[in-house]
Amino acid sequence: MTRLDQLFARCRAENRAALIGYLPVGFPSYDDSVAAMLAMVEGGVDAVEVGVPYTDPGMDGPVIQVAVDAALRAGTRVAQVFDAVRAVSQQAPTVVMGYWNPVEKYGPARFAKDLKAAGGSGAITPDLIPEEAGPWLDAARDEDLDPVFLVAPSSTDARISVVGRTNRGFVYAASTMGVTGTRDTVSNRAEELVARTRKLTALPVCVGLGVSNGQQAAEVAAYADGVIVGSAFVRALQDGGVDAVRVLSQDLAAGVRRR
Amino acid sequence: MTAFRVPGSAPELPDATGHFGPYGGRFVPEALVAALDQLEAAHAAAQQDPVFVAELDDLLTNYAGRPTPLTEAKRFSAEVGRGARILLKREDLAHTGSHKINNVLGQALLTKRMGKKRVIAETGAGQHGVATATAAALLGFECTVYMGEEDTRRQALNVARMRLLGAEVVPVSTGTKTLKDATNEAFRDWVANVETTHYAIGSVVGPHPFPMLVRDFQRIIGVEARQQVLDRVGRLPDAAVACVGGGSNAMGLFHRFITDEDVALVGCEAGGDGVETGRHAAPLTAGSPGVLHGARSYLMQDDDGQTLDTHSISAGLDYPGVGPEHAWLRDAGRADYRGVTDADAMAALALLARTEGILCAIESAHAFAGALDWVRAQDRDDLVVVVNCSGRGDKDVDTAAGYFGLV
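So the sequences go chain by chain: A and B.
Residue numbering for the first sequence follows our numbering, beginning at 19 and increasing consecutively.
Residue numbering for the second sequence follows our numbering, beginning at -6 and increasing consecutively.
Quick caveat, the hints were computed from the structure, so don't treat them as lab data.
Glycine is no exception: its CB is placed at the ideal position from the N, C-alpha and C atoms.
Watch out, some of these pointers could steer you wrong.
Short, incomplete list of chain B residues facing chain A, as computed with Cβ under 7 Å [what the hints assert, rightly or not]:
(1) 20
(2) 22
(3) 337
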């Protein structure tokens, strides 16, 4: 069993959803980004998504765009992602979340090898679909990493099946048709998508896009195996620093236990 | 050369999965896959549907003003000398002032066919935005155009045109504030509204089927030009020359000539301050393969795969990527790509204006400069060259006046 498998098994045993938190490397600085990731874990995040900053993050809304722009302007390099993974994965299972071009440029095999060596569990690739993922799937298999592709409300059952067969670890269900960002309500299409996905794969299904507080986390935890929070953590870090990240993590962690 | 499309037959490239060799494909969020499948199916069905073909043909003829003329530039040719004959494919005379209308009318009819009521677009120089706003007005669609904040300043006239046509123009202030970021923003809008909205991409870029679809709608440029040259000169041209930003006017001109192996295909990228300075927008000349905006192609990137800032005096060419079919033509050695500096393009713009009375777009001026260079580098006389005059220069009068110190 991989660390992610163990995590979801433990959450099932505790009758709760897993809490997965995202922050990009290098925002507001490398050191502070890693400190914030560790604070997320202290506050109750079960697994960390380490973001690879990218100039053209097409799946991200303004909060994350601004943060990764700042990280890049500060000189953040892709190789630092592995340093962050090395620090964080000692405390919790860690995946990277990265757009494809930086991975392709780094070299898929080399990226997988360095990610594994740093203690990473896998990678979420928001602009890569299984049909284009041949080199990455080979590299991930060679290093025993979990490739995580997304499903969306617009996905056909046939495509959800493909993702279910290709993924390891979990399936990332995009709750809404849209980009990352906090929303007042989590789309009700998420529940339907999770239900459809469950029929087509035995993997845990985690919901991302739009969750920003404990109440919303509880609502999603009622029907999903995991709750993914990104923009809300970035905003907390921006507005209140590492302490605010810890506080938000505690609120969300209580939420995923109120299913 | 058997891999090239045989004229008149079904296209051999891209392949069924949208690839031109290693280029193209679909590097997109899963949320867009259903819409791309829908668009691919609608395009395939439309091409076989005589009603669609007739409706598009009617719009191209009676609304856009096709076929556009082929103008022999005698005084401009005389500047080159050696008996060269330079023929201009006058896309600047198409409605809205550039070739962009060809693609937009096709995509607008597809939008109607798919039952969508809203179109969005990215635009650099504003020509594609104006064309999209025009088609939206004609067919009664809601229209939003994303344009980099820097471009809204240097192409203010086109912003006003779009707004007059009823479109919403959204200035994009993220990243480099130019075409690249306008494209990112249009993709974000599309992900959120894909069920009601068609994203009318303006060039032969983006995920499959866009590079194929836009090429298919622009291909008429080369189809007309080839016949016009045969009628005028009695033989095929020695070269077909076009500017390349994303590459739609070039792909439109080149495609019908690909199987005419004796016709040189010359693509002119934005060399900016000079390709050697790094301040340019010439990915085929000085970039490397990578993935941007949904497809693999050449792009300007650093060692980490981060997209590099570009520079060009021309907003329409100021883009770090390029269409995947151009990448394939480059690697196959079938087309030749070169950078043309801001200075050379502006000199060609002035020369064309003074010798022919044609004020072309700064984008197109890159093709004229490239054509002059190409002819001068050949060791033969009496060359016949078709240059795509892809757009008119009204929008660029402010930039040119500033550049030449005229006001």
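Here is what the structure says about each hint:
Because the smallest distance between the Cβ of residue 20 of chain B and any Cβ of chain A comes to about 5 Å, under 7 Å, the interface hint for this residue holds. Using the Cβ-Cβ criterion of 7 Å, the hint placing residue 22 of chain B at the interface with chain A is satisfied: the shortest such distance is roughly 5 Å. The interface hint given for residue 337 of chain B is violated, since its Cβ lies 29 Å from the closest Cβ of chain A, which is over the 7 Å cut-off.
Hint compliance for this structure: hint 3 alone is broken.
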